[in-house]
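Kindly generate the complete structure, drawing on both the sequences and the hints.
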Amino acid sequence: MPEKVSIRIDGEYVAAHEGQTILEVARAGGKYIPTLCWLEGISSVGACRLCIVEVSGVGRLLPACTTPVQDGMSVTTQSEKLQHYRRIALEFLFAERNHQCAVCVSNNHCELQAMAQRLGVTSVRYPYAFPKLPVDLSHPRYVLDHNRCILCTRCVRVCAEVEGAHVWDVGGRGTRSLIVCDMNRPWGDAVNCTNCGKCVQVCPTGALAEKGFAVEEMVKHDRNITRLAARRGGPA
Amino acid sequence: MKKVRLATVWLDGCSGCHMSLLDMDETILAIAKRVDVVYGPLVDAQEFPKLVDVTIIEGAVSSQDDLEKVRTIRQRSKLVVALGDCAVTANVPGMRNQIPPRKLLERIYVEGADQCRGVPAEGVPALLRQAVPVQEVVKVDLHVPGCPPPAQAIAYVLTELVEGRIPDLKSKVKFG
Ligand code: SF4
Ligand code: SF4
Ligand code: SF4
Ligand code: FES
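Quick note, the sequences are listed as chains A and B, same order. Residue numbering for the first sequence follows this note's numbering, beginning at 1 and increasing consecutively. Residue numbering for the second sequence follows this note's numbering, beginning at 1 and increasing consecutively.
You can trust all of the hints, since none of them are fake.
Listed next, the stretches of chain B that the computed footprint assigns to chain A, with coverage defined by at least 3 CB atoms under 8 Å from CB atoms of chain A: (1) 83 to 95; (2) 133 to 139.
Lysine-lysine pairs mimicking BS3-like chemistry, simulated, CA-CA at most 27 Å apart: (3) B/K172 <-> A/K81; (4) B/K139 <-> B/K2; (5) B/K78 <-> B/K3; (6) B/K170 <-> B/K139; (7) A/K211 <-> A/K132; (8) B/K103 <-> B/K69; (9) B/K172 <-> A/K31; (10) B/K50 <-> B/K2; (11) B/K2 <-> B/K78; (12) A/K81 <-> B/K170; (13) B/K170 <-> A/K31; (14) B/K103 <-> A/K132; (15) B/K139 <-> A/K81; (16) B/K3 <-> B/K33.
Simulated from the structure, these hints should not be mistaken for laboratory data. Nothing here was measured: the structure is a model prediction, and the numbers come from that model. Beta carbons are placed, not taken as given, at the ideal position from N, Cα and C, and that holds for glycine.
Structure representation (structure tokens):
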């Protein structure tokens with residue numbers, strides 16, 4: 001049995017056990033912490049920084065999805081400061097790529113768009129980068145549109161951990177990072193891809209979609225992936 | 001009661017935001033009583049007036065003409081509202097931003113034309129290198145995203161503004 005610990009979340013004492021993350025404990029207690037890259041059933045990487053929380057005695061904000069609980073820890077999940085930095089993290093995601101929700105396959109079904117509404121982001125304070133990015137149409141059934149990608153790496157993790165195919169990786173550095181297929185080849189030429197569509201279903205945005213869907217038509221089903229992962233005994 | 005001097009401006013947008021503005025049913029009557037529309041596609045004024053209380057801008061800043069307009073607007077308006085995704089994010093007009101304007105115009109007016117081939121040069125303002133949101137050029141006091149923003153959201157914004165309050169939009173609107 002993992003050792004029991006006690007922590008405080010927003011002032012309330014909650015029981016937890018060693019090895020759990022702050023996010024797991026908070027969610028189990030019915031607390032909402034915004035997340036984008038995290039998905040129940042696959043590993044956590046702390047890519048999006050939406051889930052940042054304050055921990056007493058720690059001088060910087062920590063991602064709840066990757067920070068393990070420690071006995072006696074006191075965590076704050078909602079504050080002006082957190083709201084401020086969560087908004088900034090979200091605005092960066094919009095500024096870095098090309099998001100035109102009105103003409104996107106995922107319009108009204110997108111986690112990024114919904115998060116902006118939830119956090120009350122009505123504009124982006126930074127200049128947009130307007131990068132020139134490709135759209136990979138080479139797969140017979142699916143599309144990868146880098147313009148909409150937030151580099152959450154859910155696709156990378158689900159394909160490697162749940163499907164066991166490991167088709168995706170992140171290539172490049174900094175703002176030039178891109179999701180790449182195999183050793184950077186068109187998706188249609190991937191040797192391992194089983195056409196399972198798991199990456200499409202977990203992608204929180206319109207970056208991965210099925211072909212043949214028009215604006216607003218792409219609805220994802222990431223709960224199915226979470227259920228499947230649970231039946232197999234959780235993240236690797 | 002003193003009426004609010006209201007201007008509306010249509011830059012690089014599809015006019016959908018103005019349509020949505022007109023789509024607020026009887027609320028528009030109540031608002032009409034409280035405002036003087038001093039400039040915009042809905043009235044005749046040719047020159048942007050010297051003193052305006054609220055200016056609502058639809059569309060991205062896309063041409064030299066748009067650029068001059070928003071600068072004048074900012075100088076002469078107490079409050080500037082960016083209405084709709086094109087004004088807030090550049091949205092669809094910004095989809096040309098990866099292509100240099102000259103290449104874009106040639107593709108459409110030379111390669112893409114069967115008749116009267118040639119890039120129009122007279123009577124049209126030069127395109128800026130990129131279409132940008134209004135706030136990348138001048139300070140914006142209020143953003144109302146949406147493509148178009150729903151009529152109820154615009155009604156709420158205007159109702160608050162004529163009462164002299166700044167509307168708290170928070171989660172009432174969304175991109176797209
Ligand atoms: S991926 Fe989401 S946020 Fe981006 S354009 Fe599509 S709907 Fe909008
Ligand atoms: S379709 Fe399945 S196998 Fe192919 S890349 Fe996506 S998750 Fe991996
Ligand atoms: S393609 Fe989708 S799932 Fe993959 S990193 Fe980009 S946004 Fe995330
Ligand atoms: S959800 Fe924790 S960093 Fe993305």
